[in-house]
Amino acid sequence: MEWLDNDNKKKDYIELITKVTNRFITQFDRDYHASLELLSKILDRRDSYTHSHSKNVSKYAGAISKKMGLSAKEKDIVKHSSLLHDIGKMSIDMSILQKKGKLTKEEWSEIRTHTHSGAEIVSRIKSLKDLAPTVLHHHERYGGGGYPFPEMKNGEIPLSARIVTCADAYDAMTSDRVYRKALPKEKAIEELKGCSGTQFDPEIVKAFLLVLDKGEESE
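In the UniProt record's numbering, the protein residues as written are 1 to 219.
Mixed in with the good hints, there may be bad ones.
Below, a list of computed lysine-lysine pairs in the DSS-like style, where the Cα atoms sit at most 30 Å apart [to be verified]: (1) Lys55 / Lys75; (2) Lys19 / Lys55; (3) Lys10 / Lys105; (4) Lys129 / Lys153; (5) Lys185 / Lys153; (6) Lys105 / Lys126; (7) Lys206 / Lys11; (8) Lys181 / Lys73; (9) Lys41 / Lys181; (10) Lys105 / Lys206; (11) Lys9 / Lys75.
No lab work stands behind these hints, which were simulated from the structure alone.
Whenever a hint applies, use it, and build me the whole structure from the sequences.
Next up, the structure:
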């Protein structure tokens with residue numbers, strides 16, 4: 001019953017990650033955002049190919065939310081949840097995360113558990129529970145067919161998650177990964193446009209393109 005052993009190990013690991021994260025946040029409570037940034041750096045360093053990924057996603061997502069005129073609370077949720085959007089990957093074996101070859105069906109299924117695991121972790125921590133919906137849904141697709149809920153689409157997906165989805169994909173495309181080299185900015189922009197309305201919210205793509213055109217992602 002290896003599957004049962006693995007499931008129990010994952011539950012134990014999620015419990016451990018939750019305790020460590022909660023203790024970390026509590027100790028650095030004087031500066032909430034700085035503590036999340038530091039925690040995201042620790043998470044990203046687990047995989048050399050995603051170094052600074054969470055900070056980049058937060059930068060892009062924050063610029064998008066500003067361009068869209070979101071409220072201060074909404075902008076905070078976007079920025080903070082994007083820093084921890086991949087925290088669930090802490091429960092995924094490194095051999096899968098850094099595999100250079102094609103992933104098996106079982107390995108893809110394991111990768112996709114990170115949204116549920118991440119949402120479970122942050123929902124258990126009082127100061128982070130508002131981030132759970134974004135962490136859970138950041139791999140949904142605007143036109144449906146994403147995960148963990150392929151039936152979700154359009155406005156059913158939280159706005160914050162739709163923003164992080166777009167920012168996450170752009171940074172992934174423009175960064176070197178274990179399985180491919182980074183795409184040029186121009187090619188990544190073509191991908192954003194081409195997937196507008198299917199993978200990405202058209203209004204978010206529109207706002208993001210304005211951000212990139214004006215160089216506002218670095219502000």
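Are the Cα atoms of Lys55 and Lys75 separated by 30 Å or less? holds, 15 Å
Below or equal to 30 Å on CA atoms is what counts here, so check Lys9 against Lys75. Roughly 35 Å between the alpha carbons, so the hint for Lys9 and Lys75 is violated.
Regarding the pair Lys181 and Lys73, is the alpha-carbon distance no greater than 30 Å? violated, 36 Å
Would you mind confirming whether the straight-line C-alpha gap from Lys10 to Lys105 stays at or under 30 Å? holds, 19 Å
Below or equal to 30 Å on CA atoms is what counts here, so check Lys41 against Lys181. holds, 22 Å
Taking 30 Å as the top limit, are the C-alpha atoms of Lys206 and Lys11 close enough? Violated. Lys206 to Lys11 sits at ~40 Å, over the 30 Å cutoff.
Regarding the pair Lys105 and Lys126, is the alpha-carbon distance no greater than 30 Å? violated, 35 Å
Within 30 Å, alpha carbon to alpha carbon, are Lys185 and Lys153? At roughly 27 Å apart (the allowed maximum being 30 Å), Lys153 and Lys185 satisfy the hint.
Keeping to a limit of 30 Å between CA atoms, is the pair of Lys129 and Lys153 held or broken? holds, 23 Å
Checking one constraint from the list: CA of Lys19 to CA of Lys55, max 30 Å. Satisfied? Holds, at about 23 Å.
Straight-line alpha-carbon gap Lys105 to Lys206, limit 30 Å: Answer violated: Lys105 to Lys206 is near 34 Å, above 30 Å.
Comparing the model with each numbered hint stated earlier shows that hints 6, 7, 8, 10 and 11 do not hold.
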